[in-house]
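2 protein chains.
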Amino acid sequence: MRISLYAASIPVYKQMLGSLRDILQKAEAHTAAKNIDANALLQARLYPDMFPLLRQVQAACDFARSAAARLANKDIPKVDDKQQSFADLQALIANTLAFLDTATAEQIDGQEEREVITRPGTPHERKFTCQSYLLSYALPQFFFHVTTAYAILRHNGVEIGKKDYMGAY
Amino acid sequence: MRISLYAASIPVYKQMLGSLRDILQKAEAHTAAKNIDANALLQARLYPDMFPLLRQVQAACDFARSAAARLANKDIPKVDDKQQSFADLQALIANTLAFLDTATAEQIDGQEEREVITRPGTPHERKFTCQSYLLSYALPQFFFHVTTAYAILRHNGVEIGKKDYMGAY
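Same order as they appear, the protein sequences are chains A and B. In this text, residue positions in the first sequence follow my numbering: the first is 53, and each later residue adds one. In this text, residue positions in the second sequence follow my numbering: the first is 53, and each later residue adds one.
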């Protein structure tokens with residue numbers, strides 16, 4: 053018996069995007085309680101050439117959406133990147149979670165060896181199987197952005213903890 | 053066809069611990085080049101009640117080691133936590149990678165539904181299957197500490213990038 057590609061992907065993305073949603077709710081509540089400009093958090097970075105919080109959340113959603121699409125052999129949905137507020141990010145996460153729900157075990161399981169090509173036709177083109185794409189590329193990238201979003205908020209004094217990061221599991 | 057529990061665990065831990073090893077080498081070289089006390093990085097935190105870099109690396113190794121042991125149905129090796137230097141952390145990572153190499157596909161594959169109990173006998177006791185333990189608990193925890201180690205070093209000006217975080221894949 054083996055685990056399914058679906059089980060190794062969609063539920064993991066859903067757990068962590070749920071965590072990100074709740075963490076961002078606490079962050080927004082923190083700005084309200086402390087009378088802080090929301091942009092003080094949304095545009096906060098850990099270093100000048102790193103992405104600010106807003107881009108970290110966009111990137112996490114991008115990696116979840118593109119992984120779900122590639123594994124389920126769907127087109128990656130076009131999503132605008134015009135988010136500017138906590139409400140915009142919440143809508144983006146909700147949209148991403150809704151898309152994850154359209155990627156089913158029936159579509160994903162059995163696709164382990166199908167080829168996935170990232171950045172096709174560019175100097176960064178890379179060939180994977182669905183399995184190697186998920187495990188060696190898409191999940192590490194996704195966790196990077198979720199954790200960095202958390203780290204930016206912790207660094208700025210938002211009262212969240214590891215339990216918030218882990219989400220519901 | 054499905055993916056194996058081994059493929060979803062040991063190679064992922066090895067990729068990211070290899071990344072952590074190389075990132076810490078660059079961090080140590082940075083302290084030498086800039087004449088910085090190594091402890092300025094090893095004891096750096098993103099917030100006063102977060103773990104410093106040294107503890108983040110220890111935690112990443114702990115989660116990799118305990119996951120490999122639990123999935124392969126081995127005892128979790130006792131490892132001291134007396135690391136104090138970059139050299140100590142490199143030895144810890146090397147030790148962890150060597151232990152991962154003792155956990156084989158033959159030992160891990162097929163164990164998906166075996167029960168794993170974390171913190172048994174404590175108020176935090178939690179029951180998983182090997183599969184749910186890996187995907188919903190052990191990997192998210194592991195990625196958290198690898199990414200936070202990276203984030204601490206980026207925040208302190210060490211010249212590393214996403215490519216370093218991703219490691220060899």
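Certain hints may be false.
Which copy? The list can't say, so a pair holds if one copy fits it or any two copies do.
In silico EDC-like pairs for lysine to aspartate or glutamate, Cα to Cα no more than 20 Å straight-line [as the list claims (entries may be wrong)]:
#  : residue 1 : residue 2
1  : K130      : D216
2  : K215      : D101
3  : K130      : D161
4  : K78       : D133
5  : K179      : D114
6  : K86       : E165
7  : K134      : E158
8  : K78       : D114
9  : K78       : D153
10 : K179      : E165
11 : K86       : E177
12 : K214      : E167
13 : K215      : D89
14 : K86       : D74
15 : K214      : D101
16 : K130      : D74
Treat the hints as calculated values from the structure; they're not laboratory data. Just so we're clear, the structure is a prediction, and the values are computed from it rather than from any experiment.
So, going through the hints one by one against the coordinates:
no. : hint        : verdict
1   : K130 - D216 : neither (29 Å within a copy, 29 Å between copies)
2   : K215 - D101 : between (29 Å within a copy, 14 Å between copies)
3   : K130 - D161 : neither (24 Å within a copy, 38 Å between copies)
4   : K78 - D133  : neither (23 Å within a copy, 34 Å between copies)
5   : K179 - D114 : within (19 Å within a copy, 32 Å between copies)
6   : K86 - E165  : neither (51 Å within a copy, 47 Å between copies)
7   : K134 - E158 : neither (33 Å within a copy, 49 Å between copies)
8   : K78 - D114  : neither (22 Å within a copy, 29 Å between copies)
9   : K78 - D153  : neither (25 Å within a copy, 41 Å between copies)
10  : K179 - E165 : within (11 Å within a copy, 32 Å between copies)
11  : K86 - E177  : neither (46 Å within a copy, 36 Å between copies)
12  : K214 - E167 : neither (36 Å within a copy, 24 Å between copies)
13  : K215 - D89  : neither (26 Å within a copy, 33 Å between copies)
14  : K86 - D74   : within (18 Å within a copy, 40 Å between copies)
15  : K214 - D101 : between (26 Å within a copy, 12 Å between copies)
16  : K130 - D74  : neither (25 Å within a copy, 36 Å between copies)
Against the hints set out earlier in the document, violations occur for numbers 1, 3, 4, 6, 7, 8, 9, 11, 12, 13, 16.
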